[in-house]
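**Student:** Chains A and B, in that order, give the protein sequences. Read in order, the letters of the first sequence correspond to residues 1 to 180 in the numbering used here. Read in order, the letters of the second sequence correspond to residues 1 to 180 in the numbering used here.
There could be a bad hint or two in this list.
Identical chains blur together in the list; that is why a pair holds if it fits in one copy or across any two.
[Claimed, not checked] Below 27 Å or equal to it, Euclidean Cα-Cα: the simulated DSSO-like pairs (lysine-lysine) are:
(1) Lys-39 <-> Lys-118
(2) Lys-146 <-> Lys-23
(3) Lys-118 <-> Lys-66
(4) Lys-66 <-> Lys-53
(5) Lys-118 <-> Lys-20
(6) Lys-20 <-> Lys-165
(7) Lys-62 <-> Lys-20
(8) Lys-53 <-> Lys-165
(9) Lys-98 <-> Lys-146
(10) Lys-98 <-> Lys-66
(11) Lys-146 <-> Lys-118
(12) Lys-20 <-> Lys-146
(13) Lys-53 <-> Lys-118
(14) Lys-62 <-> Lys-118
(15) Lys-62 <-> Lys-165
(16) Lys-165 <-> Lys-66
Treat the hints as calculated values from the structure; they're not laboratory data.
2 protein chains.
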Amino acid sequence: MIVLVDMDGPLADFEGTFLKEWKRMFPNEPHIPLRHRRKFYFRDDYPQRLLSKVESVYLDQKFYPKIPPIVEGLEAIREMVVLGVNIFICTTPLSVYKHCVFEKYAWVERHLGYDFTKRLVLIRDKTLVHGDFLIDDRPEITGVLKPIWEHIIYDCPYNRQIISKRRIMRWRNWREILGV
Amino acid sequence: MIVLVDMDGPLADFEGTFLKEWKRMFPNEPHIPLRHRRKFYFRDDYPQRLLSKVESVYLDQKFYPKIPPIVEGLEAIREMVVLGVNIFICTTPLSVYKHCVFEKYAWVERHLGYDFTKRLVLIRDKTLVHGDFLIDDRPEITGVLKPIWEHIIYDCPYNRQIISKRRIMRWRNWREILGV
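Start from the sequences and build out the full structure, keeping to the hints where you can.
**Tutor:** So this is what it looks like as structure tokens:
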């Protein structure tokens with residue numbers, strides 16, 4: 001079995017870190033609590049006038065190292081390795097890739113150990129990758145191919161409108177969903 | 001049609017740059033001319049006692065930016081884009097990933113433009129990626145899956161022992177090989 005897992009969302013608390021840093025850096029601007037996030041991209045939820053401030057938060061060189069892991073997610077993928085599942089972390093770099101590509105590798109090494117960096121896949125079009133499942137918080141995933149994998153939604157407030165796909169709730173039900 | 005192209009070798013002159021830098025940095029050590037290279041990895045061709053010196057050449061932060069493109073390769077993949085081929089640059093980071101992951105993106109942006117960075121795939125196991133062809137100078141490519149793509153050898157002195165696969169000769173015959 002091959003399981004692809006997205007990084008920001010299912011494994012790394014990108015959203016929570018953004019909100020914390022946003023409130024710290026721009027205390028006088030409005031913020032959107034996590035439970036009220038409705039769109040996948042911050043730029044579609046935050047007012048247009050705040051766009052450059054929003055980007056300045058997560059494009060900062062120091063942003064990625066501050067992101068804490070989703071502990072249950074790391075436990076789940078470590079367990080999958082033990083179970084003999086071929087697990088790969090499949091992540092799309094930010095459009096401004098300057099800091100994030102190295103930082104993604106460093107993050108995986110820091111939280112999962114060096115050997116896990118060999119399971120990292122940096123790719124924009126995830127439909128190209130083979131797998132039985134892709135666990136991802138993005139509501140819709142498209143690309144040049146019709147995917148082979150089943151897209152399992154990693155439950156977040158901004159993807160609850162998707163009712164046609166199975167979903168993993170904070171990793172509580174991953175064994176049941178993957179059937180292992 | 002989906003064509004995957006390896007980066008170091010077919011598109012970026014990693015070998016030539018290594019030799020030039022090796023001779024510059026260690027003028028008193030022996031060197032192996034390109035035409036006498038027999039093994040895919042330098043470490044298997046150069047004497048064991050030189051291993052740390054060999055690695056110090058290509059792990060240097062300034063090494064990757066020095067690599068010139070294989071001009072015919074860049075022309076070929078630009079032409080493929082025009083022909084409607086889905087082309088992706090499929091590359092494995094060095095084990096010591098510190099500098100090379102960012103530098104690979106920067107190299108593609110510098111020589112092929114920003115939009116081409118979206119076609120970059122950083123992956124260790126290329127058997128996971130869908131494609132009709134993979135153009136790669138590595139003699140054998142294995143991983144968790146039996147690949148879907150046909151491996152087209154990018155001709156280099158160290159892969160001439162492979163006679164069972166079709167081969168691209170410095171990009172002169174790519175149209176004939178891919179049938180476009």
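**Student:** Would you pick out the hints that fail for this structure and give their numbers low to high?
**Tutor:** 2, 5, 6, 8, 9, 12, 15 and 16
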